[in-house]
Each structure stands twice: as structure tokens, then as C-alpha cells.
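Peer 1: Here is what each chain is made of, one letter per residue.
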Amino acid sequence: MSKVGSFLRSKRKLILLAGVPGALLVPQMVSAQEGADAMEVATSAFTGVNFVWTLIAGFLVFFMQAGFALVEAGFARRRNTVNILAKNFMDFAIGGIAYWAFGFAIMFGGSAAASGLENGNDFFGTSGFFLAGEAGADDTALLWFFQMVFAATAATIVSGGMAERTRINAYLAYSFLISAIVYPVYGHWVWGGGWLSQLDLGSGALDFAGSGVVHAVGGISALIGAAMLGPRIGKFAKDGTPRTIPGHNMPLVVLGAFILFFGWFGFNPGSTLSGTDTHIAMIAVTTFLAGAAGAIVGFYYSFVRTGKPDVGLAVNGALAGLVAITAPCAFVSPGAALIIGAIGAGIMLASLSIVERVLKIDDPVGAFSVHGAAGIWGVLALGIFADGSYGDVTGLIAGDAGQLAAQVISVVALIGWTAVASGLTFLVIKYSIGLRVPKADELAGLDATEMGTDAYPEDESPESALAASA
Amino acid sequence: MSKVGSFLRSKRKLILLAGVPGALLVPQMVSAQEGADAMEVATSAFTGVNFVWTLIAGFLVFFMQAGFALVEAGFARRRNTVNILAKNFMDFAIGGIAYWAFGFAIMFGGSAAASGLENGNDFFGTSGFFLAGEAGADDTALLWFFQMVFAATAATIVSGGMAERTRINAYLAYSFLISAIVYPVYGHWVWGGGWLSQLDLGSGALDFAGSGVVHAVGGISALIGAAMLGPRIGKFAKDGTPRTIPGHNMPLVVLGAFILFFGWFGFNPGSTLSGTDTHIAMIAVTTFLAGAAGAIVGFYYSFVRTGKPDVGLAVNGALAGLVAITAPCAFVSPGAALIIGAIGAGIMLASLSIVERVLKIDDPVGAFSVHGAAGIWGVLALGIFADGSYGDVTGLIAGDAGQLAAQVISVVALIGWTAVASGLTFLVIKYSIGLRVPKADELAGLDATEMGTDAYPEDESPESALAASA
Amino acid sequence: MSKVGSFLRSKRKLILLAGVPGALLVPQMVSAQEGADAMEVATSAFTGVNFVWTLIAGFLVFFMQAGFALVEAGFARRRNTVNILAKNFMDFAIGGIAYWAFGFAIMFGGSAAASGLENGNDFFGTSGFFLAGEAGADDTALLWFFQMVFAATAATIVSGGMAERTRINAYLAYSFLISAIVYPVYGHWVWGGGWLSQLDLGSGALDFAGSGVVHAVGGISALIGAAMLGPRIGKFAKDGTPRTIPGHNMPLVVLGAFILFFGWFGFNPGSTLSGTDTHIAMIAVTTFLAGAAGAIVGFYYSFVRTGKPDVGLAVNGALAGLVAITAPCAFVSPGAALIIGAIGAGIMLASLSIVERVLKIDDPVGAFSVHGAAGIWGVLALGIFADGSYGDVTGLIAGDAGQLAAQVISVVALIGWTAVASGLTFLVIKYSIGLRVPKADELAGLDATEMGTDAYPEDESPESALAASA
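Top line first, the protein sequences correspond to chains A, B and C.
Under this note's numbering, the letters of the first sequence match residues 1 to 470, in that order.
Under this note's numbering, the letters of the second sequence match residues 1 to 470, in that order.
Under this note's numbering, the letters of the third sequence match residues 1 to 470, in that order.
Hint data in this document are derived by calculation from the structure and do not stem from the laboratory.
Take the hints with a grain of salt, since some may be wrong.
What the hints assert, rightly or not - Taking lysine-lysine pairs in the DSS-like style, the calculated list, with each CA pair at most 27 Å apart, reads:
hint : chain 1 : residue 1 : chain 2 : residue 2
1    : C       : K360      : B       : K439
2    : B       : K430      : A       : K439
3    : A       : K439      : A       : K238
Said to hold, decoys possible - Take a look, some chain B residues computed to stay more than 12 Å from chain A by CB distance:
hint : residue
4    : T43
5    : R77
6    : P246
7    : M250
8    : I296
9    : V315
10   : G346
11   : L359
12   : K360
13   : A405
14   : A419
15   : Y431
16   : Y456
Just so it is clear, CB atoms sit at the ideal spot from N, CA and C, and this is done for glycine as well.
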């Protein structure tokens, strides 16, 4: 028997084992075996590679939720730890369901994006709600899953900027609304076939994996939320001088950063949505180099200034470098990626200072500086450094100003839309649920007051645990 | 030179680099290049996609071991932390070797499952021990690896229900026996071609990824183990009222839950054993929605009851939703998945109360409620919600009672077998090694008495560490 | 319309969504659809499987950096936690850039390894610096990424042996140099087509995934570094008796070990660089069994000796088993893998004792014993146990002494080169930057003195955090 026949026979057996009645899959297997239609087998393999790649990349992006949770919990004070963990655990659940019900349809309905989503316009989509009807096909499911984990990333970025003083129900209401409306609209403009993607400048506004669509939207929303909340008690001295409020657990921060870096290899290379596009390898390379360069800038910046390196800034530098390369990752060379990542970290550092010292806004984990400022830089960097090696996209250095012009317009639209939509959303929440916890609750810690629990119960009162066993 | 030739040439170079003498692989490469047999290349790619998908899914399931370890360690008290970590670290090592030696042969031998495993019967397999002989083929190795990580999952579930009072050697003996015998027998009935899979009702008993085969077997064993051990000292007041014994570290619990959710994307979609089956995308979608719905039910249940949300219940709700969707994940729509997950979390909550208040059994992490109760629900839910979209499997709502009947029989067999087999196993261990540590050891903590170490040595006596460096 | 056409149409849509102007990819898609060239589709799928597999395996290896960071942080004392985390976070960033600039070219330039790297010699490569020019092709990028994460692994192993007393800038300078020079030279000899791979004994020196190339190079460098630093204050009593200095956080150690084990499934099976090589399944099996056997040896060794099992030794046993199987993983049977892993753990245990009691070297995490001793064993084990099942490679047991002879020569060259190159590198650093922190800094802890921060700020002075919010 041929090698093919032998494999398919064992394949049939494998399918039997998975609990699926073999009968239903044998025919197509046998036909491939007997009919020997090479094109059919090749196409099935080709489709399979793309599905496998896109799904696994999506799983890695999902896992970034754990990274965000740990970075934010580590940078928070102990008495708010369970609260920030709960926000991060619930925002992807709530945001994912919001994206299933509404967000995906608004983002991709009408963009001819996937089977069954035919109607829509340049500003928002109007079909595919609840993945119902024809939107229930496997390829639409694939697209939904990959896009949902991106929406959840945009949502979870916000929690960091609003940490340690936000009501949990206000935050979760926002998570629902950003995933259902705020994120998908700008996403439609760039990725869903909307007006920005149709600009007659360069190749239209581009954002390969979401420096703008995901990170800047999340980062700007975080800044607006932080501004509307006001600073944490004690953050600014009476004369307005910002004070450092150290986090409570650096191993959580560093582990979270590793998980985020790991997940970014799904975020960027996975955004080809195609494992048969060999450029995925180069995207992994540019992603790595930008993140590494950012880490080095963050680490040595504090070393040069204070004589001691700061691992927190190394972490934020790596993340800023990764955020910055996210839009241009497919279009630039390794050397350019290094530069983009390093500049991204530099912009993050400058932004940290401006937010605290000029704007007097308290963004506990630097969510805006890492995701917003570096994200905007990433969108622009695409228009500067794209070298024509992928998709004939060329930027300023290659002599083409059109792409950069498209990117500038996209950034203006991004800032405008996010500021207005997030601002209104927070306003509605402020005057309904209320954004901020009472002062006494904030001082006592959100774990005691909002959650009724403690992150490390035995640290606070080891006797209580002993008493329980007495 | 053609693109094919160019790739294969570079492929040969890559192979050279991996330390394998190029000579051994060049011929087949060259033949593909020169002979231009499209069917051969297509088949190799097709087989490759399925191997890559199944292996990576298996790696994700392996990583769930870390998730279980962290959830259980976080829910345990500090003084038992190293003990529970050690149990989780060792049970997959011991269980994996047991499954290599015996379990796999009992589960799949005789089911024509893979090359060389031809003899067996409707109740247990009898060939393939130690992956020896023909069972050493690559496709059998693939199947073994994927099944082994599932067996290890069933084993590790038990440690949570028996936490904080079980002798480590008793637990590890049980890990060996559940992986070698208890798990594989029911697994043979459903997945190995045994009698339940042959029922003339619907498509025979089905369980796509193991709500029953893996989770309910583990959860029921945990309940029996917990019952035979008796409650931890202090768990019940003299009048039988249960008392809450808080865990010691919530960041570990939440990180563990994220890891489990991440791994579940290997568990469920990976159970196609095929990356060329595009339904893997829809399975990822149903899996996500069920877990998200479960998290929301757990989270808001306590909010409604007590005014404060409980992140521990959100975690267990998500896990219960994931357990519930595991059997029906391939056969139901996204909307049905949401309902199945939400009901799974509700059943988990009800079960928690029944186990503690009615049965008076102390299951420290809710292993039975999460894996057993929600797992049984998942097996039944398949017979209710299957909509014919995959493999023509239809349930009650689609008008077919036969599948549900098969599922009911499967649940009865599952409970019967697991109760008897686990009960006998624990009895043998109880009267040989002894199940429970002495009362004084339990009060002092298992880390000090069973392990001779401490999870956080400097917390207990920072002086000692300083002394060591003096 | 055919199924192929339908898929390609939706594929085009997916590409549109990713922000890439559809125009650039439609032509080739349409040609595949219309022209119906099965060989082209098959080749694209075949290439895609290999790219996807190698990249995802590389991502898993990258994630091992988190595992090393946690194991080392957990085994360190609290006052050095941020320092060791920072070293682990920065060494991959710095090492990765060093490997981009220099290391890759020295390792693979001239070995006809990838497009555009044609010149070089038997001792080191001389082309491909900065991935510039033709080295910027996708397949070279793929190879670079996979090799870079291996180089970063070799670098990060060193931090463990030198923990708790090394200047951070000295360590990071070493990270740069090992990744740029020390690691790539021996790597060239074995994997880059250098003189060891050309030995006329057996199939030339082999090392499938790097027991020698990665682990032993890292482990031997760690030993030399530890010896040149001298022991930590308090490690040895005045009479030379070693004292145990316990780590500060066992959950970090165990989680790190799980992450490492998980990542090893990228390390070993991924080293085929080919997802179409079905042997990846068997490599996953041998890798698992060796790690499991090592864990059991480590765990029960202390149980037999002291009556209490030691989870730290279980972790190191698992890692030693994994290190040992790394070279022979593709060439041996499951049973042989179990033996190799068990012996690897035994050698690690013996080495721990020799290093401390005979050599009087203080290697805080056992980096040499785990990676160096077990790594050397792995290289030799290949020459003993290879059974001809893969690539016709046969070892001593199969009656062929030639391969073992090649392995012995490789080990001698490995030890010689690493000792000389690492020794000289550390000497240069010692007399320029200085290797060791001042005594007062070591006693106060490196977090306070080198990093100016604290891993758990509120543990030390909860008042300060409260004060900040007053």
C-alpha cells in the first residue's frame, strides 16, 4: 500500500479515537486515498496550515491576558491585588462576549471579511452579530477568535491606568463597551475595509498587527480614564510633585513581562493569518529585536541617570519596543526594527515624565506611555521605515511621503475617535455607576472593601488561619 | 530553478544544521524535487499539519499541569504549599510513566487505534505495553503523547480534593494506579472502541475531548478520596457547619486559572487530532464562550448574594464552564456553548454547597464540583445540544433522544466504574501505606513534616537566612 | 465553485483584513486557484508546515527564559531577587542582539547554512553579520530566530551559577560575549558544518538539540564563573563544610520548572526544523520520559537518604533528565530515553556533591551539575544508545564504537574550548569591570545595593507604602 494510503488509514483510526464516529469522515479520506486528487490533499493541507497557525497565534495572544494581570498586580500595592487580578480575569470574559454579540459585527460586518458578512459601510459594519447564521462558518469562526483576543487586549490595557481606585463594576461596564463599540469602530476603519484603509495615499492607512488599532486605542482610553478618575490618594504632594508608589511584587511583574513578550510572537507574526506566508519568520525577528532594544533602553536609561538600573523600566521599555514594532513589523528590516523599538522606549520614557509632571495624571503602570505613546509612534514609524520588502509598502526613507501621510491621518482619526468615544463612555459610567471608590475604601484597599478578601490572607493574620484549624 | 527546488535545497541545508547528517534525508528531498510527485509532497504536508497540530495541542495540555499546581497551591494554606506543589510535579511524572507502561495499552490496545495494537476486547486493551515493538511507530507515538497528557490531567485533579492531609506516598501510589488502570478502562469504553462507543443509540456514547473521560473520572476519584480521608481538622464546627479555610496566595490561583484556560485550547480543539479539520476554529470559539460564561456566573453569583464578587468563584466558574463544554465542544453552536458553560458554572456552585453542607465532605479546591459535577453535565449536554453541524450528531433539542440515552448510559457506567475502581484502590492504599498523615503533622503543616522544607523560608525566620550568611 | 477556490477567496479576504492591501497577494492566490498547479499549492503548504513548526518551537524555547528566571529567583534569597530577575530579563535582550550582530555569522556563516552565507571555514563562519544583505531572506530569518533562542538559553544558564554576588554589568558583558563568540564557535564546529561534524567516525559528532552545544557550554561557563567569583559569604564553614542556603520562594521554582519542561517540547522536537518529519512525535515521547525519569530519581533519592522527598531535587532531576536526552532524543527508543534521563539525574546528584564538597565551588542553583554534567552525559549517551532508527545513527549498544568515539572527541573539544574561552572572557571582565560586588553589598543584598529596589517592598516596610498614601 502506498504511504498515502497508509497514513490516511491511520488517520481514520485517529479520528475514531477522538470520539467521532469514523463513518462520517472515512468517505472523504478514502476518496483522497483512492481518487488520488493531489490538488484536494494539497488544498486541505494549505488550509490546515493557515488555520493551525492563526489559532495557535490566537492562543498565545489570549495568554497575554495572564501577562497583563501579573504586570498590573505586581505594580499594584498588596491591598489592591485581588481587585486588579479580578479585573483582568473578568475583562476578557466580558469583553469577549461583548465582541461576540456586537463588536465583531461592527468591526467586520460589511467588509466582505468573511462568509456571510456582506452589508455595511465605510464607518461601521452591520452584520454578523452573535456569529449567527452564515457567520457561523469555520473561517469566520477563525477570524472571530483571532480578532476577539485582540479586542480583549485593548480592553485589558485600560485596567492598568485606572488601577487602585476604580469601582470594579464601573471598570467591567467599560470593558463591555470598549469591546462592543469603541475598539471595533476604529478597527473597522483600518482593518474592516473602512475609510482609512481606502485613503488614496500610499497603500491606505496600514497597521499590520495593531500598534494603533489595539495598543493606542487601549492606551488613550487608559489615559482618559485615569484623568477622569483623578490621582490616587498620596500620588502627588501638595505642591504637585509626583511621588513614587512602589508595587508590591516584582517577580509577578517580570513573569508577566515574559508572558507578554512570549504572546507577542502570536500577536505580530500571527497577524499574517497565514502560516504559508514565509514572511512570518522575518516578523518574528523584527518583533524580537524591537523588544530587546526597548528593554536595553529602559534598563540603561535609569542606570545612566541614577547609577542603578531599573527593572521596571526595562520591562516597560521592552513592552514599548514591542508596541512600537507592532504596526510596521512586516514592512521593515531587522536593523530598522531595532531603531523603532529603541525610539519607542525613548518615547515611553519621555511620556512617563510628561504624564506625571506636566499633565499631573496618575497612570499607575504607565499604560498610556507604553501602549498609547509608543503605539502612535509605531503607526507613524510604518510610514517612515517601510522599505518595500513586503507588499510594496514604502515609507519616507524609501522616498515615499504618501504612506506617512496616510499614517498621520490615521493617527489623528484614532486620537479623535478614542478620545470622544472613551470620554463619553466614561462620563456615562461616572454619572450612573460612579467611577471611583470612596476615599475610605481606597485607603483601606480595594481587596477589603470591593472584594471582601485578601491576596495573601496568612500574611495579614497568620493566627486566623491557625485558628481555623484549631 | 523552480521555487520548489529552491525551498528543498534550503530545507536540506536546514536539516544539515540540525546535526543530522544531510546524506540521510537528501534522497527523499531530491526525489520530491526532481520527481515532482505533487501527491507525495501534498501528503507529506497534510500529515505534517496533523502531527504539528496534535503535538502543539499536547504541549498546551501538558502545561495545564502548571495551572493545576498553582491553583491548588494558591488555595492551600502556606504550610502545605511545597507538599501540594510536589504532588503536582510528581504526579505527571509518575502517571506518565504508568501510562507508558500500562495505561495506553489498556486504553487503546485492541481498538485498532494505531499500528501494531490489534488484539483486545470491548472492555480493555491488551497490547502496546511500553510502546514496544510496532507500537513504536511515529503515529502511535503521536497518539500516545496526546493521550498521556490527558491521563496526567485526570490524575492531577485528584490532588486538589485530597489536599492538606494526604500522605505524599499514598497520593503518588494513587497517581500511578489511576493512570495505569482506573482512567484507561473507562477511556477504552468510550475512546478505545469499547462497548460504550458501540451502543446502538445515536452515534454511540460520545465525549469529544473528555468532560467524562478525563474530568469526571478525576473529579469523582477526588470526591471518593476526600470522603475516605475525612475533613481537614477545623473544616467543620462541632455542629457540622462548614467553615471557610482561605487559601494563602490569590495571584497563584489566578495565574493558574489563566494557564488552565490557555491549555484548554489544546485540550478541546486539539482533540480533533487533525489540523486539517477546519472545525478546530469553531471548537476554539465554543470553548472560549463557555469558559467566559462560566466566569461571569461565578463572579456575579457571589456579588448578588453578598454584595462582593468572589474571584475564587470566578475562577472555578470559568473552569466549570470549560469542563462542561469539553464533551460537546465540536457538536454545538456558539450560543449553545454559552448556555452550556453558564449552566456548568451553576451546577458547580450547587455542587459546592451540596458537598459541604449535605455530604459533609471536605474538598478543599472544589475538585469534584468543578471537574466531576460539571463534567457529568458536559457529557449529558452533548446529548441535549448537539445540532448536527459536525458528524451528524444530534441531540434532544434537534429531536433525537437516542444520543442522550447513550450519554446517560455512559454517565452511569462512568460513575459506577470510577466509584468502584477508585474506592477499591484507595482502600488498598489505606490499609497498606495509609492515606492520612498523623493529626500532629497536619496541624504543623505538611511542608514541615512530610517535606522537611518551607515554601517561603525567609518569611518564617528571616534570621536563619541571615545567619547562614554571617 | 471548487472547495479550493472557495478557500482561496476567503484567504484573500483574510489577508485584506490583516491590513495588507489585497492587491499584492491576490495574483498568486488566483493563479493557484485558476492554474490549478497542485505542486505549487503542495509546496507552499509543505514549506508553511516547516515554518510554522520551527517558529512555534522557537517561541516555546523563548519562553524558557521565564522558566530560568523563576527557578533562579526562587532559589535565591529574597534580598537578591530583583537582581537575578533583571539579569535573566536582560541577558536574552543583550544576548539576542549580540547573536544578531556577530554570533549567528560566526556560527553559520560559511556553512552553506542558509541563503547568502557562503564563505567561512572549519573553525568559524565569516558572513551574515547583522542579518544584512542576502541573509535577510525569510528562511535565514527562520533559522536565525530558532538559533537565537538557543544562544539565549546558553547565556542565561550562567546567571544561576553566579547568582547572589556578581556585578550586574559584569554579568551582562559576559552575556554579550558568550552569545557573540563563546557559544557560536563550538556551535559552528558541530552544527555549522565545522570540523567536529566532519569527523570520519560514525556520522561525525552529533548533538540533536544541544545537550552539548547549548547546555554543557552554559553549564561549564557557569562553573568557571562560579569558581572565579568564589563562594557566597557564609556558604562554607571555616572548616570548608558547605552549608545549605535555602531559596526564598518554592512556588516560583516549581512554576519555573514547569515552564522549562513545557519549553523543552520546542527545544527538542523543534530541532528537526521540520514539521513534516513525523519523527517529531517520537522526540516528544523520549523527551517526556527522560524528564519524568529524572524527576523521579531526584525526588526519591532524598526520600531514601533522609526520609523526606526534596522537591528542589525533583526539579533539578527533571531538568537533568531533559538536558541529558537533548542530544540523543531523536536517535533512541522510549525505553532508552527513560534510562538516559534517570542516569542524567544520577550524574547531576553526584556532581552536586563533587562541586560542593570536593571542588569547594559555590554554584547556587546547581547550574553546572544540571546543564554541564548532565549535558556531557547526553552527548556521550547518543554514542551509546543510538539504535539506528533515525538517520542510521548507531551507538555502542548497536555494535558501533565509531559514533561514541566522535562524541568523546566532541566532548573534549567542548570542555577545552569553553574552559579557555570562558576563562579568558571572565578574566578580562574581572580586571576591567570587576566580577564581584563588595562584601558589604553582598551582605546587604544586591537588590538594595545594585538595583536600588526591593522585590516585595511592602514586606520589608509596610508603613512606607501606607505613608505614601497618607
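Peer 1: Please flag the earlier hints that this structure goes against, numbers listed from lowest up.
Peer 2: Of the numbered hints given earlier, those the structure breaks are 1, 2, 4, 5, 6, 7, 8, 9, 16, listed in rising order.
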